[in-house]
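S.K.: So you can see what is in the structure, the chains are spelled out below.
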Amino acid sequence: MAGVGGGNDFQWCFSQVKGAIDEDVAEADIISTVEFNYSGDLLATGDKGGRVVIFQREQESKNRPLSRGEYNVYSTFQSHEPEFDYLKSLEIEEKINKIRWLPQQNAAHFLLSTNDKTIKLWKISERDKRAEGYNLKDEDGRLRDPFRITSLRVPVLMPMDLMVEASPRRIFANAHTYHINSISINSDHETYLSADDLRINLWHLEITDRSFNIVDIKPANMEELTEVITAAECHPHQCNVFVYSSSKGTIRLCDMRAAALCDRHSKFFEEPEDPSSRSFFSEIISSISDVKFSHSGRYMMTRDYLSVKVWDLNMENRPVETYQVHEYLRSKLCSLYENDCIFDKFECCWNGSDSAIMTGSYNNFFRMFDRNTRRDITLEASRENSKPRAMLKPRKVCTGGKRKKDEISVDSLDFNKKILHTAWHPKENVIAVAATNNLYIFQDKIN
Amino acid sequence: MSSPDNQDTEAISEQSDERQDPQDTNSNPVKTEEAKLKAKYPNLGQKPGGSSFLMKRLQKGQKYFDSGDYQMAKAKMKNMQLPVAGPDKNLVTGDHIPTPQDLPQRKQSLVTSKLVG
Chain A
1 MAGVGGGNDF
11 QWCFSQVKGA
21 IDEDVAEADI
31 ISTVEFNYSG
41 DLLATGDKGG
51 RVVIFQREQE
61 SKNRPLSRGE
71 YNVYSTFQSH
81 EPEFDYLKSL
91 EIEEKINKIR
101 WLPQQNAAHF
111 LLSTNDKTIK
121 LWKISERDKR
131 AEGYNLKDED
141 GRLRDPFRIT
151 SLRVPVLMPM
161 DLMVEASPRR
171 IFANAHTYHI
181 NSISINSDHE
191 TYLSADDLRI
201 NLWHLEITDR
211 SFNIVDIKPA
221 NMEELTEVIT
231 AAECHPHQCN
241 VFVYSSSKGT
251 IRLCDMRAAA
261 LCDRHSKFFE
271 EPEDPSSRSF
281 FSEIISSISD
291 VKFSHSGRYM
301 MTRDYLSVKV
311 WDLNMENRPV
321 ETYQVHEYLR
331 SKLCSLYEND
341 CIFDKFECCW
351 NGSDSAIMTG
361 SYNNFFRMFD
371 RNTRRDITLE
381 ASRENSKPRA
391 MLKPRKVCTG
401 GKRKKDEISV
411 DSLDFNKKIL
421 HTAWHPKENV
431 IAVAATNNLY
441 IFQDKIN
Chain B
1 MSSPDNQDTE
11 AISEQSDERQ
21 DPQDTNSNPV
31 KTEEAKLKAK
41 YPNLGQKPGG
51 SSFLMKRLQK
61 GQKYFDSGDY
71 QMAKAKMKNM
81 QLPVAGPDKN
91 LVTGDHIPTP
101 QDLPQRKQSL
111 VTSKLVG
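If you read the protein sequences in the order shown, they are chains A and B. When we follow the UniProt record's numbering, the leftmost residue of the first sequence carries the number 1, and every step to the right adds one. When we follow the UniProt record's numbering, the leftmost residue of the second sequence carries the number 1, and every step to the right adds one.
No lab work stands behind these hints, which were simulated from the structure alone. Take the hints with a grain of salt, since some may be wrong.
Subject to a maximum C-alpha distance of 30 Å in a straight line, what follows is the list of computed DSSO-like cross-link-like pairs (lysine-lysine) [said to hold, decoys possible]:
(1) Lys402/A x Lys31/B
(2) Lys38/B x Lys56/B
(3) Lys404/A x Lys31/B
(4) Lys417/A x Lys427/A
(5) Lys60/B x Lys418/A
(6) Lys60/B x Lys48/A
(7) Lys345/A x Lys76/B
(8) Lys114/B x Lys218/A
(9) Lys396/A x Lys36/B
(10) Lys123/A x Lys40/B
(11) Lys387/A x Lys332/A
(12) Lys405/A x Lys48/A
(13) Lys248/A x Lys114/B
(14) Lys417/A x Lys76/B
(15) Lys120/A x Lys137/A
(16) Lys417/A x Lys56/B
(17) Lys95/A x Lys31/B
(18) Lys40/B x Lys248/A
(19) Lys56/B x Lys88/A
(20) Lys418/A x Lys56/B
(21) Lys345/A x Lys114/B
(22) Lys95/A x Lys114/B
Cβ-Cβ distance ranges computed for the label pairs, FRET-style [as the list claims (entries may be wrong)]:
(23) Lys40/B x Ser355/A: 55 to 63 Å
(24) Val111/B x Gly141/A: 22 to 30 Å
(25) Val111/B x Ser409/A: 38 to 46 Å
(26) Val111/B x Pro219/A: 43 to 51 Å
(27) Ala131/A x Gln71/B: 32 to 40 Å
(28) Met160/A x Val111/B: 25 to 33 Å
(29) Ser409/A x Lys40/B: 22 to 30 Å
(30) Lys36/B x Asn174/A: 20 to 28 Å
(31) Lys267/A x Gln59/B: 27 to 35 Å
(32) Gln71/B x Ser386/A: 18 to 26 Å
(33) Pro29/B x Lys404/A: 17 to 25 Å
(34) Val111/B x Asp376/A: 36 to 44 Å
(35) Gln71/B x Ala220/A: 27 to 35 Å
(36) Ser266/A x Val111/B: 44 to 52 Å
Backbone N, C-alpha and C fix where the C-beta goes; we use that ideal spot for every residue, glycine too.
So that you can see chain B by itself, here it is in the shape it has in the complex:
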């Protein structure tokens, strides 16, 4: 993103009241919020709003079952124990390789919308 040159910045700051004073974060609530976030998550990506958000957005959707992973895991299982599904079988996270038994039931056919009468 190209940054405006100095003359433009002067014109813009005429409109906004605040002059940026690095020691006074109270006048800029967003900077305060940013500091809060960095304090909570010090490892948060150096590239804000960049690739990680976008990739997550592109891959929206729950991955249910990868038969390749499953077969590999079954082969490995003979040698070592892999974590099994926890009490909440609908939640498949971490190292756990989903098995057909763990998958949540497919959605039922729907009834009429409640907006109708």
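Isolated chain A (complex conformation):
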């Protein structure tokens, strides 16, 4: 069956899966963010335990032509530790909310990782040479007795086993009263924004002791609070433009040239609501959980509970495309409210050419939509279908009446198996899907 994401001969296949097969998943092992770097050679994951694991793609070798570059562990480190706010008697979770890579400027790689309160800039560098033949110290590091040194030698650089080191270069702390939900690096590669529930700050990557507050929606009287910021992102090309989404399903585009404090938006995106469909659930399911600009910068995509919408930045009054992710959940909203699943925050992503979009669902299903052909597909991240290069079979949820073979009924869906985080390689058809504590990598079939 022709697949989604590019070309007619296209098929998604299993490539790799990382993580343990335990039935009992430790809370710390739950993956909380997934992000490819700009070249796609590096894939970073963050988890609830505050750890970052970076995978690197192997160079394709002539010896194994069928194996597209596999992702293997490159570096891992503890990014954030649990902290305690003594003033408020609150624990600050070490869970990594977001990782964003900086564009590469030299041999080292840099990324920003954030938990609820603190953003850190990490430098990941390789060391594959070591100096030997020091004059003042022995090979094992002990200082030599200066009186016993009778000759002078020049230390020589010798190859050593590759060591990948991660070190925190900047710590951006104490700027957020509320919980950070987004970070986004500006196209100027010098500044970035961080957003919490009520405020957005602009930082310079070199300066940690201050940041500019550029959006503040905290009302003078908290009783009047009606909406919170749910996500924010910088425009991919215009360094003066950013957007932020709200819990009411609206998106505001702001221009930093207009004012220092961007409380007044330049553009306001909202789809008019059909008043006859208004219900108790309306506002909750309209809350936007993710917003992403297209690579072209012309469009943006928003994810709410049941759908993904593509907006043209030139048209504020409605999205240009709407894709239903799991419309069958509309008849389950009561129980989804009771088990809190209605508050799950799904992310979404574009492929490299902006022709396809992907987002997750329940039962370890994830969905892809081809914007050109209007075809969509549901796939599953499962260990049952994890033989190397095994083709993924499309899945289908049966909404009522007679269930066909291979279909699954809505009532049988496992709502604990949620795919909230997915990422698409910036240039190729390679995707990373986080299923609770496992990371799946899928690729297109090699013809």
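Since the structure of chain A is provided, determine the placement of chain B on it from the hints.
M.R.: Then chain B, alone, in the frame of chain A:
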């Protein structure tokens, strides 16, 4: 939130099949779900998705121990019995004032992620 005027509503309903018939809730599954929820929780806030959700969201995080509350409770305890922690010491709920002994142990230092090999 401003509501669209009547002309816009006409245009929108062209796209959706259902005309709202108050007696027929089967055509609108969301209304059925809403009725179910109201039946279970009749006192559920009149302001849906409003302040209560948002305040809960802003205050995410477990409050462990308030020394002020603790001192006040200790003073009161001389006069009357306060509820003590139940068998599950990790769960601090209701009127129970947490004491240092009740607090769950701080998390241990973590081992390497299982995503690594």
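S.K.: If a hint holds in the structure, say so; if it doesn't, say that too.
M.R.: We went through each hint and held it up to the structure:
no.	hint	in the structure
1	Lys402/A x Lys31/B	holds, 24 Å
2	Lys38/B x Lys56/B	holds, 21 Å
3	Lys404/A x Lys31/B	holds, 28 Å
4	Lys417/A x Lys427/A	holds, 29 Å
5	Lys60/B x Lys418/A	holds, 21 Å
6	Lys60/B x Lys48/A	holds, 15 Å
7	Lys345/A x Lys76/B	violated, 43 Å
8	Lys114/B x Lys218/A	violated, 40 Å
9	Lys396/A x Lys36/B	holds, 27 Å
10	Lys123/A x Lys40/B	violated, 53 Å
11	Lys387/A x Lys332/A	violated, 34 Å
12	Lys405/A x Lys48/A	violated, 37 Å
13	Lys248/A x Lys114/B	violated, 38 Å
14	Lys417/A x Lys76/B	violated, 47 Å
15	Lys120/A x Lys137/A	violated, 35 Å
16	Lys417/A x Lys56/B	holds, 24 Å
17	Lys95/A x Lys31/B	violated, 37 Å
18	Lys40/B x Lys248/A	holds, 25 Å
19	Lys56/B x Lys88/A	holds, 15 Å
20	Lys418/A x Lys56/B	holds, 22 Å
21	Lys345/A x Lys114/B	holds, 24 Å
22	Lys95/A x Lys114/B	holds, 16 Å
23	Lys40/B x Ser355/A: 55 to 63 Å	violated, 44 Å
24	Val111/B x Gly141/A: 22 to 30 Å	holds, 28 Å
25	Val111/B x Ser409/A: 38 to 46 Å	holds, 40 Å
26	Val111/B x Pro219/A: 43 to 51 Å	holds, 44 Å
27	Ala131/A x Gln71/B: 32 to 40 Å	violated, 60 Å
28	Met160/A x Val111/B: 25 to 33 Å	holds, 26 Å
29	Ser409/A x Lys40/B: 22 to 30 Å	holds, 23 Å
30	Lys36/B x Asn174/A: 20 to 28 Å	violated, 45 Å
31	Lys267/A x Gln59/B: 27 to 35 Å	holds, 32 Å
32	Gln71/B x Ser386/A: 18 to 26 Å	violated, 57 Å
33	Pro29/B x Lys404/A: 17 to 25 Å	holds, 22 Å
34	Val111/B x Asp376/A: 36 to 44 Å	holds, 40 Å
35	Gln71/B x Ala220/A: 27 to 35 Å	holds, 32 Å
36	Ser266/A x Val111/B: 44 to 52 Å	holds, 48 Å
Hints 7, 8, 10, 11, 12, 13, 14, 15, 17, 23, 27, 30, 32 from the list above are not met by this structure, while the remaining hints are.
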